[in-house]
Amino acid sequence: MAGASWVDFVAQGVFHTLVASLVVEALVRLWRVRAPDQRIALRLLALGYPLLVLPAYVFGLPWREGEAFRDAALLAGRRWEEIQVLGVGLFEVFVATFGALGIGLLLMDLVPLVLGRRGGPPRPAPPTSAEGLALVGLVAEVAAAMRRPPPPLVFLEDGPPVLFCAGVRRPSLVASRATLRLLDPAEIRAALAHELGHLERRDPAASWALMAGRIAMAFNPAFQVMARAVARDAEWRADERAAAVLGDRLALASSLLKLYRATEGSPPARGRRNLPFAGALAEPLARARSLDIETRCRRLVEPAAEQLPFGALRVALVAASLSGLLFFVV
Amino acid sequence: MRAEGARPVGKATEEVLRSVLTLLLVLGGTAGLLAALDSAPGCIQGVPRGVRRVKSIEEAERRLRGRLALPAYFPDTLRWPPSAIRVAQDASPAVALAFEGRAGGVEVWLAQTMAGDGPIPPSLLPEATVLGKGTVTVGGEEGTLSRIVGEDGTIWHEIAWRQFGRRLALRGKGPLDQLVRMARSAHREGA
Numbered sequence: 001m002a003g004a005s006w007v008d009f010v011a012q013g014v015f016h017t018l019v020a021s022l023v024v025e026a027l028v029r030l031w032r033v034r035a036p037d038q039r040i041a042l043r044l045l046a047l048g049y050p051l052l053v054l055p056a057y058v059f060g061l062p063w064r065e066g067e068a069f070r071d072a073a074l075l076a077g078r079r080w081e082e083i084q085v086l087g088v089g090l091f092e093v094f095v096a097t098f099g100a101l102g103i104g105l106l107l108m109d110l111v112p113l114v115l116g117r118r119g120g121p122p123r124p125a126p127p128t129s130a131e132g133l134a135l136v137g138l139v140a141e142v143a144a145a146m147r148r149p150p151p152p153l154v155f156l157e158d159g160p161p162v163l164f165c166a167g168v169r170r171p172s173l174v175a176s177r178a179t180l181r182l183l184d185p186a187e188i189r190a191a192l193a194h195e196l197g198h199l200e201r202r203d204p205a206a207s208w209a210l211m212a213g214r215i216a217m218a219f220n221p222a223f224q225v226m227a228r229a230v231a232r233d234a235e236w237r238a239d240e241r242a243a244a245v246l247g248d249r250l251a252l253a254s255s256l257l258k259l260y261r262a263t264e265g266s267p268p269a270r271g272r273r274n275l276p277f278a279g280a281l282a283e284p285l286a287r288a289r290s291l292d293i294e295t296r297c298r299r300l301v302e303p304a305a306e307q308l309p310f311g312a313l314r315v316a317l318v319a320a321s322l323s324g325l326l327f328f329v330v
Numbered sequence: 331m332r333a334e335g336a337r338p339v340g341k342a343t344e345e346v347l348r349s350v351l352t353l354l355l356v357l358g359g360t361a362g363l364l365a366a367l368d369s370a371p372g373c374i375q376g377v378p379r380g381v382r383r384v385k386s387i388e389e390a391e392r393r394l395r396g397r398l399a400l401p402a403y404f405p406d407t408l409r410w411p412p413s414a415i416r417v418a419q420d421a422s423p424a425v426a427l428a429f430e431g432r433a434g435g436v437e438v439w440l441a442q443t444m445a446g447d448g449p450i451p452p453s454l455l456p457e458a459t460v461l462g463k464g465t466v467t468v469g470g471e472e473g474t475l476s477r478i479v480g481e482d483g484t485i486w487h488e489i490a491w492r493q494f495g496r497r498l499a500l501r502g503k504g505p506l507d508q509l510v511r512m513a514r515s516a517h518r519e520g521a
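Protein chains in written order, with our numbering: chain V, 1 to 330; chain H, 331 to 521.
No wet-lab data here; the hints were simulated from the structure. Hints are supplied without guarantee of correctness; some may be wrong.
[What the hints assert, rightly or not] Pair ranges (Cβ atoms, derived):
#, chain 1, residue 1, chain 2, residue 2, range
1, V, A312, H, R397, 52 to 60 Å
2, H, A370, V, F9, 17 to 25 Å
3, V, P62, H, I374, 28 to 36 Å
Remember, it's a predicted structure, so these values are computed and weren't measured experimentally. The beta carbon of each residue, even a glycine, is placed where N, CA and C say it ideally should be.
The task is simple: from the sequences and hints, build the whole structure.
Laid out in structure tokens, this is it:
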């Protein structure tokens, strides 16, 4: 363990995620992986390395941190320590730069999320107005089409157009009167199916777990970027699920565009948002959000994404290959 | 019927092969990139392949599993500790220490193998051209005194001898009597 310290583990966490992310992203493009489920599975591999595999290597195989292994390693980050810039080794410069970048990327999403929650959650009052009751009927109709029980609905009588799902233990749908007035019935059904698609996959809980992982890996910029990519894939997966259930891809694209235009430039809606990435992209990443919306709409105009054959085998093969490769990165 | 049925199987096999080949290419490219990143610091510093820079004499001794022979006489025109320590851990383990002068710049190199009759790996020391050779007695044995032109184009002297069951070489561009005195004062703890 000579010379191994927390800086080495941080550096390995960053390098492992970076290498795993580069490999996964290259394969996603070269294999032309379009099905969001398969993209998520591959990208989760990159996120799993610093959280699961590296600790197993560090604590299970401590001899890996020794000098003899470092000499034989494919990449020993400490070797960059020999090159000094203003008296500081490049290894330390890399670690500090990556750490600052990772924290910056996390804060870009975390700060708007925390600020957006300051007003507290919306009061879970059931709808009483005629419009609200009509929406309850629509939710039941779409839920039946998806063969799942309808979630509780929180109807906001005033405020901007919003439609999102919230809650980890007791998930619910939050919608406002303005949304009903903005969208036509086909668009509302499509948007509801999208949100129910999130609830079906327990995305609110998953996105909080992902945010917890991001906080734990605050110093790791590759982790932050990959977590965002997974969140985008989760949106795409909910889009595909809604389109498959209702068979109307254009209505979903239209609802996305209308909701985006109606909320562009306005502050995030007050209340609990259990899909932090969707809310987080609203303010500091307005351009990225508009690109996301554009990409999602383009995908909805195209036919549904097809699954690649041998999906599970591919993921297993990539996982095994990365484990072998990253074993020699210290 | 058989030919039509065989087509999808052939397509699936082709798809699997293409995917595996792509994976191998990506992994190979990544491994190459990592190896390049690993060797880049050595290339930037001009350290040859198979040679590692270490931070201290203690680290060099730990890696080579033996104590180094060092001069007991160390002129005050040189700086301690060594400014660079290069270790070769291949078939014939050896080490080279570079000592800077007070005004800066390396003025003395001390290289030694750790055991056996093998030569000091040439990659440990800067390249030099020998102008002439003579003899000198060090440690009770006859050694070689060479006059060489160093990489910087100046004249250096190099004393090469055997002591403590190893080969040693001391190269310097200062006064020759000082270099000989340093060589004759070489000692090794535990020897």
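Using the Cβ atoms, figure out if P62 of chain V sits within 28 to 36 Å of I374 of chain H.
holds (31 Å)
Evaluate the given range 52 to 60 Å for the C-beta pair formed by A312 of chain V and R397 of chain H.
holds (57 Å)
With 17 to 25 Å as the target window, see if A370 of chain H and F9 of chain V comply at their CB atoms.
holds (22 Å)
The structure is consistent with each of the numbered hints, conforming to all of them.
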